[in-house]
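Chemist: First to last, the sequence lines map onto chains A and B.
According to the numbering used here, the first sequence is numbered sequentially starting from 1.
According to the numbering used here, the second sequence is numbered sequentially starting from 1001.
To be clear, the hints were calculated from the coordinates, so they are not data collected in a lab.
Check the hints yourself; a few may be wrong.
Unchecked claim - Some chain B residues near chain A, calculated using beta-carbon distances under 8 Å: (1) A1025; (2) E1029; (3) M1030; (4) Y1032; (5) G1163; (6) V1167; (7) P1168; (8) S1171; (9) G1172; (10) I1184; (11) R1185; (12) P1191; (13) I1289; (14) Q1299; (15) D1302; (16) V1305.
Note that the Cβ used here is the ideal one computed from N, Cα and C, for glycine as well.
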Amino acid sequence: MSRLSDLFKKQNERILNVYCTAGFPQLNSTLQVMESLQASGTHIIELGMPYSDPLADGEVIQSSGNIAIANGMTIDVLFDQLAKMRDRIHIPVVLMGYMNPIIQYGFESFCKKAKEVGVDGLILPDLPLFEFEHFYGKIINEYGLDFIFLVTPETPEDRVRKLDALSTGFLYAVSSSATTGKDKDFSKVALYLQKLHNMQLKNPVLVGFGIKDKDTFNAVCAYSNGAIIGSAYINALAKGADIHETTDQFLKAVLNK
Amino acid sequence: MHSFNKAINYQAPSAEGYYGDFGGAYIPEMLYSNVETLKTQYLQIMKDADFQKEFHALLKDYVGRPTPLFYAERLSKEIGTNIYLKREDLCHTGAHKINNTIGQILLADKLGKKKIIAETGAGQHGVATATVCALKGLECVVYMGEKDIERQAPNVARMKMLGAKVVPATSGSKTLKDATNEAIRAWINEPNETHYIIGSVVGPHPYPDMVARFQSVISDEIRKQLKDKTGTELPTHVVACVGGGSNAAGAFYHFLNEQTVELVAVEAAGRGVYSGMSAATTQLGKPGILHGSKSILMQTADGQVVEPHSISAGLDYPGIGPLHAFLYESKRGTFTSATDEEALQWAFHLSEIEGIIPALETAHAFAILPKMNFKPTDIVVVCLSGRGDKDLATYMQAMDFKK
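One chain only, chain A, in its complex shape:
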């Protein structure tokens, strides 16, 4: 049993997954941010590995990544920081990132090391289905990591089913075809989520892109198992003085029904 499936067994609604960028705001703040997220009621941490050219992300996450890279964050440094993570973090942790830095690190070494430090799953937006099936998926599965595919309103139904079948942990529903950090029209999102719900997928569905506060969180939770918040939290971190206090206030505002 993975930490992710355990979590969804215990609770299958209003799951909150919060994204943070490794090495942001400071190189060594990674674990402090993660501990604050855990203490403030986050259910899953999506830890972003910074990349110079993050195509699926908007400017907020890109600029946090640029700061992290300038701070000296690399995959090596990150795994060092995470070496004793499981002494302090008990909630599921998924790594999010882009293929190029991982390939340079060595894809298999990366999966091995991620498993060793206690990472539960991977979100790699530029690893497409074809490459997953023909090469990378086998390695990911071999090391017992969950892999979370993205689906969008444009993804045809048979493809949604295929991506669901290959995903473990949860399925990441992009609220509309857009990069992170953009405002959404939630009436359209509701229709789309209703459609996904009716498909009775194997995996729980978490909704990301455009979720930024209590209202948007509540809106998507009506039709899904929960949501992913990224840019809004990064913005708060960038402005806030104290990591713990900022995180606590941000999450209180989101989770308060």
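Once you have looked at the hints, place chain B on chain A.
Modeler: Leaving out everything else, chain B in the frame of chain A:
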């Protein structure tokens, strides 16, 4: 490593867009529908007789093709061989870029798209895109690095005059790589109505193959023209500059599977290949993934993309098309480079001895000619990819400096 093998068909990537290990479509799911539509339809649309008819009619009457193949007498004498210039600088809008934009705008039309986006480095692709959008009455938005907007002001003015909106890319190095990121993001944000006209043989499959096919008119004409002039269709060498590699792909295309023809790709060495200010991708790069395909990429040890440098905005790119990566790896292509200074010198030299002011990008291709040890009997075709009007500011500065 592959060795040059007759059995390899360099013109045809695999069904998933691979040339050897390079290519593919490493795209986020948000782009899947758009790219899948292109992938399943591009060949069918391009092979359609009406499409071909309209494409070639526009190339002839609007672009001004065929472009001349010119025997450069003084240059040939100086280098001690036979040099022919493929005059892509005489295309409408001043460079080869329009061959591809004509093709893609017709394709976008067939796909029912209403809006066109594009990235541009030197502005030549942006101008060529704005031009065809005006021709077909489609909305046009061009993403251009903030730094390139400064150094290519005349092209920015041309795009605006043609009715395009020019959006500055302010992230990263503020050049072509970042303009491409912004264009891809814009496509992700409004995928249904929009077609993205990529200007080079880069990006996810099917772009590298599609752009190479549209540009292949260059080598198709070279073969016929050379036959008329020399009695043989096959030169000994074809020389072209390479940033992403579209003019080189077009000039090489119909010679890719002709073993006797040496294909010479000239990258931008900037201030010197190992100066830390270079864009010589094959010399400095390693296999990696950028802008949706696996290719050779300039990057740090931990996989962050390096900001390149070249005096020419069109070659200032940290990657190279997957076809070229394969030509490099399989040794089918000869990869070499020219510095900023050599390119500048040759821009002046070509102007003085042939009466042709080339684009800075194109000048790189000429700069390697004296180093190539050609035989007097060789037949060398240089792709004169663009004219130098857009670079006058840089050339004027260089003249002031000389004084």
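Chemist: Are any of the numbered hints broken by this structure? If so, which, sorted upward?
Modeler: When the structure is compared with the hints, numbers 5, 6, 7 turn out to be violated.
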